[in-house]
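Construct the complete structure from the given sequences, taking the supplied hints into account.
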Amino acid sequence: MAAPLLVLVYVVIGCGAAIAVWVERLPLGQSKGGAAAALMLVFWPFFLPGLLTPEPGGRPKNQRRADGIEALGKEVQSAWTQAGVAGEREQALLAGFVEQLVGEEDRLAELEASLSAAPERVRPRLLALKEEGEAELAAGRLALEELGAQLLLWRFAGKKDGAERITVDELVARIEALASLEATTGR
Amino acid sequence: MSSTPLPTAAPRLLIEPASPFAEAELELPRLESLLPPERPSLLGDLYGAPGTLAGRLLDREARAEVVRISILAIVIGTALFAVLATSHLGAWGSARAALLLAANTFLGLMGALGPIYATGLLVAARLPLSRWVGVLLSGAASSALLLGALAPIAHLAFRIDPLWAGPLSLAGAFLVAGLSGGVRLYRVLHALAAAVRGEALRDGELFRLKIQARMALVFTALTGALGLWAFDPFLGG
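One line per chain: the protein sequences are A and B, in this order.
So the first sequence is numbered by the numbering used here: it starts at 1 and just counts up by one.
So the second sequence is numbered by the numbering used here: it starts at 1 and just counts up by one.
Bear in mind the hints are in silico, worked out from the structure with no lab data behind them.
Keep in mind that the hints are not guaranteed to be accurate.
[What the hints assert, rightly or not] Cβ-Cβ distance ranges computed for the label pairs, FRET-style:
hint, chain 1, residue 1, chain 2, residue 2, range
1, B, G114, A, E70, 19 to 29 Å
2, B, E199, A, S78, 22 to 32 Å
3, A, A173, B, I76, 33 to 43 Å
4, A, E75, B, G90, 52 to 62 Å
5, B, A149, A, L111, 48 to 58 Å
6, A, L52, B, L156, 42 to 52 Å
7, B, R60, A, S180, 33 to 43 Å
8, A, L111, B, A49, 42 to 52 Å
9, A, D169, B, A49, 34 to 44 Å
10, A, P4, B, R60, 33 to 43 Å
11, B, P167, A, L142, 28 to 38 Å
[Stated by the list, open to error] Over the 10 Å line for every Cβ pair with chain A, so calculated as not near, a few chain B residues:
hint, residue
12, A64
13, I71
14, A124
15, R159
16, I160
17, W164
18, V176
19, L206
[Said to hold, decoys possible] Quick partial rundown of chain A residues pointing at chain B, CB under 10 Å, derived from the structure:
hint, residue
20, L41
21, F46
22, A118
23, V122
24, L126
25, A138
26, A149
Beta carbons: idealized from backbone N, C-alpha and C, even for Gly.
Shown next as structure tokens:
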């Protein structure tokens, strides 16, 4: 009973996706028109994510990065609260760090906007600054992601003083170092 | 009457010789740099350097083509294997096995996609689902082509001893193809991560990448095995 129903659902979704491909004349690789629609009808789980996922570059790059950092900050804050070990110092450190990253992002946005109008002789230096800023942002984001993952692990591991605790402490120390480095360089 | 010698093909000249009267060393362009670049075939990339395939997976248009060719390779590889390995079942049995094995492979891959994506979220190594599809299908395609190449061995084994050697060679072929597909998947994932990051991965990142590759192999093997158990393509029933 369940199998025919599942097949029916699969076929209905496939038909919808195939019609969309046919009407919009979307190519699937080198297949176009009827061939692309037929491919979509049978193999929609493989092709649909590619059509529905916006590619990097579809939205303004800066907006995407800033949204990502703020959302990531909220995720980590929430993970910390759920783990039940949120200290005030760590919370403040995290909030400050996210704020720093968003500020860095704004600075990068301004820099990118002024790059096209900048005189030739300062452009290489501006480009170097932009690369440095992007690398710092990436490092901060990575540290936040790792912290979020470790807190999730810690929440389910049960032991609050095990290896997970050490890793979280190390990550907090890393974030503190990154924050103080950014504060020292004045950015 | 002396015969005229046949013209022979001139050797391919790659560097234009400099004039012996040139006063200074001239930087002449290599003639081969003027030729249009040779784009390797996608089918070759399934077995070639993982970096080339990773480059294709980062581009939307090229990724759809990777998926399309991988589907074709999976259909050909699995169908060839099923037909040769079940030739003792007759034409109908072989055709049924070919159809069921290909369908089982695709169902297994579709079923594994969700848990694999969730693993990426859990280990903080997110990869967009569209790229996961390309990585997984290209790994499965290389695996299916290897399975097709192993088909004659299974065929011979079934002829020699359908009770022991045949089934054992069947299981062995799946094991070898699955492991090679897993290794390929890890290498492509690694190349993809390195291409996106633009630098070497750190130890922690490499560790999470390995977890993801292993879990992908485990989930695909599980869903594929469940499909084989449910469909019984090799029994000819």
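> If you take the shortest Cβ to Cβ gap from V122 of chain A to chain B, is it below 10 Å?
Replying inline: violated, 25 Å
> Does the Cβ-Cβ separation between E199 of chain B and S78 of chain A fall within 22 to 32 Å?
Replying inline: 30 Å Cβ-Cβ, so the 22 to 32 Å window holds.
>> Can you verify the interface hint for F46 of chain A: is its Cβ closer than 10 Å to any Cβ in chain B?
In response: holds, 5 Å
> Is the interface hint for A149 of chain A satisfied, with its Cβ closer than 10 Å to some Cβ of chain B?
Replying inline: holds, 4 Å
> When you look at the beta carbon of A124 of chain B, is every beta carbon of chain A farther off than 10 Å?
Replying inline: violated, 4 Å
> Going by Cβ atoms only, is A138 of chain A closer than 10 Å to chain B?
Replying inline: For A138 of chain A, the interface hint holds, since the closest Cβ of chain B sits about 8 Å away, which is under 10 Å.
> Between A173 of chain A and I76 of chain B, does the beta-carbon spacing fit 33 to 43 Å?
Replying inline: The hint (33 to 43 Å, Cβ to Cβ) is violated, given that A173 of chain A and I76 of chain B are roughly 54 Å apart.
>> Please verify that the nearest CB of chain A lies beyond 10 Å from I71 of chain B's CB.
In response: violated, 6 Å
> Can the hint on L126 of chain A be confirmed by a CB-to-CB distance to chain B that is less than 10 Å?
Replying inline: violated, 20 Å
> Are all C-beta atoms of chain A more than 10 Å from that of W164 of chain B?
Replying inline: holds, 34 Å
>> According to the definition I'm using, a residue is off the interface if its beta carbon is farther than 10 Å from all beta carbons of the partner; does R159 of chain B meet that for chain A?
In response: holds, 34 Å
> Is the nearest Cβ of chain A still more than 10 Å from the Cβ of I160 of chain B?
Replying inline: Fine: 38 Å to the nearest Cβ keeps I160 of chain B off the interface.
Of the numbered hints listed earlier, those contradicted by the structure are 3, 8, 11, 12, 13, 14, 20, 22, 23 and 24.
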